[in-house]
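Undergrad: Sequence:
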Amino acid sequence: MSDHPFEDRQDAGRALAGHLERYRGRRDVVVVGLPRGGVPVAYEVATALRVPLDVFLVRKLGVPGREELAMGAIAGGGVVVLNEDVVRGLGISQRTIQEAAERERRELLRREEVYREGRPALELTGRTVIVVDDGLATGASMRAAVKALRRHRTAAIVVAVPTAPASTCRELRAEADETVCVVTPSPFLAVGLSYWDFAQTTDREVRDLLRRAARVSTGAVRPS
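178 is the number that the working numbering gives to position 178 of the sequence shown; each next residue is one higher, with no gaps.
Derived from the structure by calculation, the hints contain no laboratory data. Since we're looking at a predicted model, the values are computed, not measured. No incorrect hints appear here.
Derived CB-CB ranges, DEER-like:
1) Ser186 x Gly89: 18 to 26 angstroms
2) Ser167 x Asp3: 19 to 27 angstroms
3) Asp28 x Arg95: 37 to 45 angstroms
4) Arg66 x Asp28: 37 to 45 angstroms
5) Arg150 x Pro120: 14 to 22 angstroms
6) Gly78 x Glu113: 13 to 21 angstroms
7) Arg66 x Arg170: 21 to 29 angstroms
8) Gln10 x Ala166: 21 to 29 angstroms
9) Pro64 x Val216: 39 to 47 angstroms
C-beta: ideal position from N, C-alpha, C; glycine also.
Using the sequences and the hints, build the whole thing.
TA: As structure tokens, then:
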């Protein structure tokens with residue numbers, strides 16, 4: 001296999017969709033993307049499967065001074081998931097976690113407003129939700145998303161990503177109803193190494209993709 005199996009997020013999304021064909025055209029299925037990088041992947045999946053697309057807001061909680069290292073993640077509804085090994089190993093205080101969570105919660109609200117542009121969220125209760133990101137490392141953000149999605153009383157949650165460590169995929173299989181990982185590089189060093197082009201996704205790109213999906217989506221069930 002190539003050192004970079006995917007050209008870009010669009011290519012990764014098309015490859016991922018090929019592993020989800022059984023969900024094509026099902027009226028009970030919704031695809032949600034984790035911003036920002038998961039949305040371009042999710043857009044390709046939703047387009048290929050001909051199902052509605054939405055965004056699901058999650059934020060990583062970075063270790064102060066080492067923000068690339070996740071000590072946990074938060075999602076809507078006050079859900080917080082911690083990487084206990086990181087928290088214990090670095091002696092991170094509860095106050096530090098609370099401060100980071102509050103800061104990221106404000107960012108969640110900002111992004112919700114920017115991305116949705118007044119559109120209501122798709123109804124998730126009783127539906128099969130395919131939750132997509134551009135890849136996983138520790139899986140903290142995805143675990144927060146799964147935990148938050150459970151509160152919506154979904155029928156099933158399918159975690160779907162182009163690339164992740166095999167160990168993270170195994171862990172998520174215990175939490176989601178199904179987990180699809182297209183490639184599991186070993187050794188796994190970083191998500192971006194599975195892509196030739198891993199340029200940062202902007203808020204504008206996310207907004208434009210969601211706007212485009214909302215225009216073409218059919219059979220989307222909106223909350224009453």
